[in-house]
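Quick note, the sequences are listed as chains E and H, same order. Going by this note's numbering, the first residue of the first sequence is number 1, and it counts up by one from there. Going by this note's numbering, the first residue of the second sequence is number 1, and it counts up by one from there.
Hint data in this document are derived by calculation from the structure and do not stem from the laboratory. Because the structure is a prediction, the values reported are computed rather than measured. Some hints here could point you the wrong way.
[What the hints assert, rightly or not] Derived coverage of chain H by chain E (criterion: at least 3 residues anywhere in the stretch with Cβ under 8 Å from a Cβ of chain E; other residues may be distant):
#, stretch
1, 39-49
2, 53-67
3, 85-96
[To be verified] Just a few of them, taken from the derived set where beta-carbon distance is under 8 Å, the chain E residues facing chain H:
#, residue
4, Thr41
5, Tyr92
6, Cys99
7, Ser103
8, Tyr106
9, Leu107
10, Thr122
11, Pro150
Beta carbons are placed, not taken as given, at the ideal position from N, Cα and C, and that holds for glycine.
As a plain string of letters, each chain reads:
Protein chains: 2
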Amino acid sequence: MDELPGSLGTSASLALRFGQTIFSTASLLFMCLDVEFYSYTAFCYLVTVMGLVVPWSMTLMIVDVYSVFFRYLPRRPRITTIIILGDLALSYLSLAAACSTASTTYLLVHLGRSYCPAKLCTRYQLSAAMAFLSWFLSLGSSLFNLWLLPSL
Amino acid sequence: MDELPGSLGTSASLALRFGQTIFSTASLLFMCLDVEFYSYTAFCYLVTVMGLVVPWSMTLMIVDVYSVFFRYLPRRPRITTIIILGDLALSYLSLAAACSTASTTYLLVHLGRSYCPAKLCTRYQLSAAMAFLSWFLSLGSSLFNLWLLPSL
Numbered sequence: 001m002d003e004l005p006g007s008l009g010t011s012a013s014l015a016l017r018f019g020q021t022i023f024s025t026a027s028l029l030f031m032c033l034d035v036e037f038y039s040y041t042a043f044c045y046l047v048t049v050m051g052l053v054v055p056w057s058m059t060l061m062i063v064d065v066y067s068v069f070f071r072y073l074p075r076r077p078r079i080t081t082i083i084i085l086g087d088l089a090l091s092y093l094s095l096a097a098a099c100s101t102a103s104t105t106y107l108l109v110h111l112g113r114s115y116c117p118a119k120l121c122t123r124y125q126l127s128a129a130m131a132f133l134s135w136f137l138s139l140g141s142s143l144f145n146l147w148l149l150p151s152l
Numbered sequence: 001m002d003e004l005p006g007s008l009g010t011s012a013s014l015a016l017r018f019g020q021t022i023f024s025t026a027s028l029l030f031m032c033l034d035v036e037f038y039s040y041t042a043f044c045y046l047v048t049v050m051g052l053v054v055p056w057s058m059t060l061m062i063v064d065v066y067s068v069f070f071r072y073l074p075r076r077p078r079i080t081t082i083i084i085l086g087d088l089a090l091s092y093l094s095l096a097a098a099c100s101t102a103s104t105t106y107l108l109v110h111l112g113r114s115y116c117p118a119k120l121c122t123r124y125q126l127s128a129a130m131a132f133l134s135w136f137l138s139l140g141s142s143l144f145n146l147w148l149l150p151s152l
């Protein structure tokens with residue numbers, strides 16, 4: 001069971017965490033690099049949530065890098081439980097943020113160009129898409145770790 | 001472990017399922033009883049998801065009623081796993097629907113009364129609130145059953 005791919009400390013987990021870091025950072029940057037996101041609550045919420053997801057997945061990525069390339073870390077049930085709960089909570093939060101951003105952007109696009117210039121709207125859409133991808137990978141990590149938990 | 005409150009077949013589970021049925025039906029009715037929900041994708045999505053949640057929670061409520069009042073049903077790992085996966089999937093879907101509806105409604109309210117008459121907007125808000133409550137109870141059911149799974 002120690003070889004289960006996707007659980008903490010394996011190379012599959014490292015790949016998942018790497019993807020989460022990339023996508024959540026991309027989502028944050030697409031939303032933050034223009035200054036108009038304060039106008040809508042949904043966009044502020046996305047920025048807040050991605051501000052939580054980025055350090056979380058980056059920390060776990062560093063742990064995975066250490067475990068894969070340097071020294072294999074033993075798994076402890078308590079730490080795994082905390083990671084599973086954190087992943088589940090963050091995946092719910094990032095799904096909520098992605099959905100809010102997507103529906104707000106959709107509505108802005110359909111209201112016409114006065115509410116949302118073409119360049120800004122594309123950015124919002126890209127940011128929502130990146131948030132969805134980050135949610136999906138976070139859900140994957142969480143489920144793989146959950147699968148491992150009973151054997152610990 | 002058979003007495004764990006909240007797992008399938010207990011009275012706490014019955015209460016959770018009852019709440020889910022009430023809230024998801026209320027959310028569906030608040031959204032459907034006026035005919036304008038076709039205009040926005042988020043509202044159509046909410047109606048679709050609540051149309052899945054209502055029969056699911058109603059079926060499980062009937063199973064719980066049978067188990068609590070008539071004859072105690074033995075738990076089987078495979079059926080419990082299916083129920084946990086269904087609950088998790090539906091809780092993600094209903095969270096997504098609730099967030100989309102809430103952010104669309106928020107934007108419509110802030111755009112002014114021409115987009116959203118006062119009576120309709122209150123209905124949309126109530127519908128989103130009910131969807132959030134339904135998500136919360138569904139998450140509860142799912143976590144309680146998940147807690148029980150390793151002991152089966």
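When the structure is checked against the list of hints, which entries are broken? Sort them ascending.
2 and 10
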